[in-house]
Amino acid sequence: MPAKPKIGFYWCASCGGCEEAVVDFAEDILGVVEAVDIVFWPCAMDFKKADVEAMPDQSILATLVNGAIRSSEQEEMAHLLRRKSQYLIAYGACAHLGGIPGLANQFSREHLLRFVFEEAPSVVNPNKVRPALDAEVKGHHLTLPELRHVVRTLDQVVAVDFYIPGCPPTPKITQAALKALLGGNLPPRGTVLAPDIALCEQCPRKATKPADLSFAEFRRTHVTHSDPEECFLAQGIVCMGPATRGGCEAACTCGNMPCTGCFGPTSRVRDQGAKILSSLCANLAPKQGKEIAEVLAGIPDPVGTFYRYGLPKSLLRRRVDLPAGNGNGKES
Amino acid sequence: MDRMSDEKSGAVGWEPRIAAFFCNWCTYTAADLAGVSRLKYEPNIRVIRLMCSGRVDPQFIVEAFARGADGVLIGGCHPGDCHYVEGNYKTLRRFEMLKRMLSDLGIEEPRLRLEWISASEGEKVRTVVNDMVARLRQLGPLDLPGRFKAWDQEMADLAHEIQQQEAAAAATAQPEVTHAS
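Listed in order, the protein sequences are those of chains A and B. Counting from 13, one number per residue, gives the positions in the first sequence under our numbering. Counting from 72, one number per residue, gives the positions in the second sequence under our numbering.
None of these hints come from the bench; they were simulated from the model. Just so it is clear, the structure is predicted and the values come from calculations on it, not from any experiment.
Derived lysine-lysine pairs resembling BS3-like cross-links, with alpha carbons at most 25 Å apart:
1. B:195 x A:299
2. A:16 x A:184
3. A:60 x A:16
4. B:195 x A:302
5. A:299 x B:170
Please build the complete structure, drawing on both the sequences and the hints.
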C-alpha cells in the first residue's frame, strides 16, 4: 500500500478560529484522517519544530498555514514549511489578506507595545517592563522572537500556491480544496479556492437589492433594527457584499448581519477597500460638500470598515508615515 | 527650475510627480486650451484623459500613490455641467470619503486634489497646477515604493541567514539512502 499523502497545519498571528474550522469538519475529519497523514499540527498534536526540520524537503504534500506573519519566529516557520511542502496554502483571511491582526498596520510598533504593556486598562506594570529580545536570567541566556513593525500576509514573506479565504474558511470550501488537492485536480497556482463571484450572487436578499441605490444616511447595526429579508444596502446599512468574494454561502446575511468582507475581493478587484468605497459613496443622495460629509460621517472608521480583513494586502499596505525596522529590534 | 529648494526635503534633484485624471469634456479641453494659448505652467503633471471624472476609480488614485506619484489631481466639469449629468457628483462624494481615509492612512491632504475646470478655463489649469506643485514641494516626496522597500528591510537579515543555512545544509548533504532494488 502506498504511503498516504502528508498534510501539515500551522498557525501564526491568528485567533484559533481557523483551527476551529478544521475541527468543525466534525465526523468528516475521520475521512480526512483516513486519506492523509497529518504530520504537523501544533494546535492539536505534539509536534516540535525539530520534527519538521528532520523531514526531507518537499515531503509534505501540502501545509495549510493560518494567521498573519508579524514576528521573526513566524517568518522562520513560514520559510521552513515552504521548504518542506510541495504546496503551501494560505488558510483563512489572516494568511490570505492580513486579517484582523492586519489592522495593527495603522499604528507604530512602539504605540502597540506601549499600549499593551503599559497603558491598557487591565495592565499593572509600574516599572514599565517590556519583553526583551535577549535576557540573562539566573545564568541562562534567554531569547524571544522579534515583533516586526509590519503585519504581513503569508505571500508577502514566502511564495504561496493557493489561498483558502474566510474568517474562518467554511468546512465546505476547505473540504473542496482538500479534495482537489488529493485528486491532483488543481487550478493554476495563485488561485483563491472559492467561487470568483461577488457575495451578492449568493445572498438570499439579492432580489431586494435596488438597481439604483441612494443613501440618505448610513445606519449602524448596533443601533438599528434591521429587516431580516431586505437587502442591507437598501436599508442604509454598510454591507461589503458587492466588493467581496462569495463562497461562504452568505452565512452572515442569513444570520441577519451584513457582510464585513472576510473572503476578500474577487480576482477582478485589486483593492477591496477602494472598490467598496467607490461603490457606496458614489450612490449618496446629497450633492453638496457639507451634506455629503454629514452622510459620510455615518461611517466613522473607513479604514476599519473597508479594510477590516485586508489592510496588509491592500495597495497601501499600512499607514504610510510609520517607522520601519532593520530586523534587529531597532528602528531605522 | 530651482533645484536648490529640493534639498530641504532631503532628496536632491527630486521633482514632484502628479498623476492628473482629466475629463474629456471640460478639464482636458481646458488643458488643451492652456497649451494652445501658450500658457506656461509647471511640467510636473502627467495627464490621463478619461471620458468623465466619474470614471476615476479610487483604485486608480491609490495605485498612483503606491507606484510613486507624489500627488493626484482630478479635474472635472463644474457641478451641473457634467456631460453625463451625474458623473462629477459621484466623484465629489468618493473624493470626500477618500480624502478622510487617506489622511487616516498618513497621506497628507494636499496630495489629493479635486478641481472643477471648464473647457474655457485654461488659466485655471495653470493656477491649479502651479499651486499644487508648490504645495508638494513643501511637503517633499511621498515615495511609497521606497517606503515599501524600507519596510521589508526588517526581513532581510533573517531571510539571508536562512538562505545561508540551506546552502550549507545542501553542501554537506549525503546522497539519500534508498531501499529500492
